[in-house]
Structure formats: structure tokens, C-alpha cells
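Participant: Sequence:
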Amino acid sequence: MKILIILSVYISLVLAQSKQLGSRKQQQDAYDPRSCDMGTSDKWACVCDQLGLKRDNCEAEIDKNLELNNLKLCKDMSPYYLGRPVCRSEQMWTQSRDPAGKAMQFALDLFKAADPKNLEKNYVISPLSPQILLAQLIEGCSEDARQEMINGIKLNSKEVSSLMQSLQETANKDNAMNKLDIASIVYKSKNMNLTDEFNHSRKQNKIMLQNIDFSDTVNAVQEINNWVSQKTRGNIQEIVSEQNLSPDMSMMLLNAIYFKGTWRYKFNQTDKRASFHTAENNKMSVQMMKQINRLRFGEINFGEYWEPDTGLRWVELPYEGDQLSMILLLPKTRFELDKNLEQVTGAHLQEIFKVIRRDFNPNKIHLQVPKFTIKDSISLVEPLKKLGVKQIFESDSALNKLSKTPVKVGDVKQDSFLSVDETGTTATAVSKITIIPLSLNAYEDVHFECNEPFMVMIVDKTSEIPLFMGKIRQPLKPTQESKNQG
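Residue numbers for the sequence shown follow our numbering, so the first one is 1 and each next one is one higher.
Any given hint could be a false lead.
[What the hints assert, rightly or not] In silico EDC-like links for lysine to aspartate or glutamate, alpha-carbon gap of 16 Å or less:
1) 266 x 421
2) 385 x 411
3) 266 x 320
4) 112 x 382
5) 272 x 449
6) 203 x 139
7) 290 x 411
8) 121 x 452
9) 461 x 169
10) 190 x 159
11) 266 x 322
12) 404 x 98
13) 283 x 449
14) 371 x 338
15) 290 x 449
16) 339 x 452
17) 404 x 196
18) 179 x 320
19) 364 x 445
20) 117 x 396
21) 121 x 322
22) 266 x 422
23) 188 x 169
24) 371 x 309
25) 283 x 98
26) 206 x 248
27) 190 x 213
28) 290 x 422
29) 354 x 197
30) 206 x 181
31) 339 x 280
32) 354 x 280
33) 112 x 452
34) 354 x 320
The set of hints was computed from the structure by calculation and includes no laboratory data.
Using the sequences provided together with the hints, build the complete structure.
Facilitator: Listed below in C-alpha cells is the structure:
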């Protein structure tokens, strides 16, 4: 199955007008009891040390401090851990200090904030692409705006550069069956002078700089769209038009991600029509792809105790080379995808990588997935404001280290394309947790049927970064536009 994912994002900067600075939020680092080896005899001492509780009678101390420290217990039912309660604070599970964990949390936060919440529309986004561009702007921010930006996108520019290097290593791997390209460019007005600090950062991150005359709208639109079309192999041909390109624009930052992958385990080439249930009393006939293979599979569970009807089930579909994978997620209770995703945090999704790394004997999975194609166009301004990134849109001094001329961000737009069939994928452009790797019995067959709304993620397993995230609600609807998600 080839999967093609194409994504193009742009950030436009326009001459700024004075507005009051937005407020900024502060975040605090948290201890992380997940660093404790739960297979050792002193596991509880380690957990209590991490939580700042007394070592003596640690479990009783945890119970006694539940309300005081806003802690909750979660049951980890997996025999690969304890088979008994493990204390994890909600804040600790929702915050991470490692760059990959923070990138995952931002990805999930943006995925939720930008969700059009329209049950009749499919939805796809690459959180990584705007994160790359916004991190580039950090070096041009005032101190207040800089801290707000880092809090909002969860990473500083150095951390993003480090993750990009890891992704580039994946992209550079010689694999004739897969192709991953990530490219960025800065188009700037000839009259705009960039600061040395910004130019130094741009060069370090290997981002091209191109002068352009935005007042010559026809030629500017053609040049920008030609770059986008080239980087996305023609799957996205237009990201700007003469109607929405302002001649007063100072600068435009673009990032394009292109991925084309071939399944490691093939689907049957003979598709059959099957029902896809968009809601309890609504269904459509779709082309359903099928395969039976040993695949990694697990569950995300919520609550203090294992509740069999809450949470999500997931299965991994690796691409050739086994560095990139698609993760399919289904609700354990039918038609409750959105309800369960509200409870998911980045740490939940990181746990999936841990299960994959342990590489237990996979289950025999009877998998059914519909063919689908999504095209999406979305403005990310309001979703980013929801995440606390405000000053670059509202203040005339937020980007005072970018240029001597006052500028602000006029728009952040993303166009994306995702297509999945038997050959592969083409694409451009947690809270209490228990994850059960349901390979508890390697001889038990598992039926994983994506015949209702489901979530997809395309991930790089080396860096543990999601490249694309989407919801498939209507497999037969290939095109859509989600303009302002509020």
C-alpha cells in the first residue's frame, strides 16, 4: 500500500500595527516517576523519591497525599510491568521534559485545537511543519514573545533543530520503497532587512532565502506556487493566490513535507465493498482493504482501574525499512473516538513507542482498513492562539529581533494531502494511563476493523515524532477545506 502525504505550510508576515501584548503562560517542569525501573525491588522507593514523598510505607504515603498533591492512582494491568497499582501524577503524564515528548504533546495539542469537530469531514494535519516554522521565528522574537512561543510550541529553536537532524537522518536513508522530503524556504521583500541573529539561525537550519517582489502579485504567486508544487510532487499546486497575497507583505516562510511509503506487509489486491458506519444509524459502502499478519497491537486505557469499555485500541502498520509506521486508533466503544481522544495526552502516545520498542511477539491481526484520500486546507492562527501563541499575531514589537521594520504574523496556513491504498501511503504537507500491549497471548487472533471513524498517525520511530495526524470520518469524501477552526 502506498501512502502519499503532502503538506505545505506558510507563515506570512505583514507590516505591523500596534496592539496590546498578549498574556503569556508559564509552565513548570515536573518530576517523572516513569524513569523508575518498575521491575526492581526498590521500585516504590524510586517512585516516592520522584514524587517527593517519604520512602517508608510509600504506598500508604501515596494514598494519604492524594488530595494534597493532586495525585491519582492508575492501574497498570500489563504483566510486563507490575500487575499492580503504579502511582503517576496527572501533571507528570501530561508534561514531558525530553524534546520528543514535548514535540508529541504539541502535536496532540495542535491536532485537538485545529479539529473542525465536523462529523461529516475528514481531517489531516502535520503538527511538525508549523512547529518548524514557528521555531525559526523564535530567534526573531522579543524576550516576552520568545518565552510565550517556547511555552506554546513546547520546544526552543535548538531542540527543534536537533529533532530535525534526526528526521533528516531518516530521510537520508537509502530506501527505494520510501521517500521522505522536508524543505523550508523564506521569501522576503527586497525592502526588508533581516537581523544577523535571524540569518545565522536560518543558515544553521539550512533554510533557503529568496528575495521576492510581493507587489508584483502575478509573478510572486507563480514563483511561490511553483516551489510548493515542486516540493510536493504536484500534489499541492497552489497555496497562495492573487486574491490572498498582499502587496504589503514583508516575508513568507514556507515548509513542505512529502512522504511516500510502501507497506512492509501487503494488503490483498482484491478489494471488496464493505460497510463503513459514519454513525450508529448511518453507513456507506467503501472499498475495504484486508490483510492477516502478525502486527504490533495494544490499548490505551483511562481511569484508576482498567475499564474494558473506555480507551482506544491501536495497531501498527510499518512501512518498508521499519523506520516509519502508520498507527491506526479505534475507540474500544463504537462511535466514541472524539470522546476518548479528549482524554489522550502526548504521554499516552509515547507509550505506544515503548510497546513497539519492546517488540513482543506480535498478535495475528485480521485487519480491515478503507481506502481513503484527504485534501485539507486550514488556517492555524486561532488554534495556535488557543495554545498561547498570541503576541506574534497581535503585537508590533513581538518580532523586533527579526527586522528593524515592525512586522507581525498575518497568517499561518497549512495545506495537506493524504492518500492510502493497498500499495502504501502518499502524504504531504494522557490523566491516568495504562497501555496494554495486547500481545499477552501470542496465539490469540485479534480483529481490528476500521469500519467506523478512526484516527491515523504517521510516525518516525527513530525520533518518535508524528509527521501526520488525521481523523477519517467519511472515506468517500476526498476533498474539503477547513478555513477557520475556532
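Participant: Just to be careful, I want the Cα atoms of residue 290 and residue 449 compared with a cutoff of 16 Å; is the pair within it?
Facilitator: Holds. Residue 290 to residue 449 sits at ~9 Å (cutoff 16 Å).
Participant: Are the Cα positions of residue 385 and residue 411 separated by 16 Å at most?
Facilitator: Measuring from Cα to Cα gives roughly 12 Å; hence the hint holds.
Participant: Check the hint pairing residue 371 with residue 338 against an upper bound of 16 Å on the C-alpha distance.
Facilitator: Violated: residue 371 and residue 338 sit about 21 Å apart, past 16 Å.
Participant: Please verify whether residue 339 and residue 280 have alpha carbons no more than 16 Å apart.
Facilitator: Status holds; Cα separation ~15 Å.
Participant: Starting from residue 117, check that the Cα of residue 396 is at most 16 Å away, please.
Facilitator: violated (33 Å)
Participant: Keeping to a limit of 16 Å between CA atoms, is the pair of residue 371 and residue 309 held or broken?
Facilitator: violated (27 Å)
Participant: Does the structure keep residue 339 and residue 452 at a Cα separation of 16 Å or less?
Facilitator: Status holds; Cα separation ~14 Å.
Participant: Hinted pair, alpha-carbon criterion (16 Å max): residue 266, residue 421. Please report holds or violated.
Facilitator: It holds: about 10 Å lies between the C-alpha atoms, which stays within 16 Å.
Participant: Check the hint pairing residue 266 with residue 422 against an upper bound of 16 Å on the C-alpha distance.
Facilitator: Given that 16 Å is the threshold and the Cα spacing comes to 7 Å, the pair holds.
Participant: Regarding the pair residue 283 and residue 449, is the alpha-carbon distance no greater than 16 Å?
Facilitator: Answer holds: residue 283 to residue 449 is near 14 Å, not above 16 Å.
Participant: Between residue 272 and residue 449, is the straight-line Cα distance small enough, at 16 Å or below?
Facilitator: holds (14 Å)
Participant: Taken at face value, is the distance from the CA of residue 169 to the CA of residue 188 at most 16 Å?
Facilitator: violated (29 Å)
Going through the hint list in order, the structure does not satisfy hints 7, 10, 12, 14, 20, 21, 23, 24, 25, 26, 29, 32, 33 and 34.
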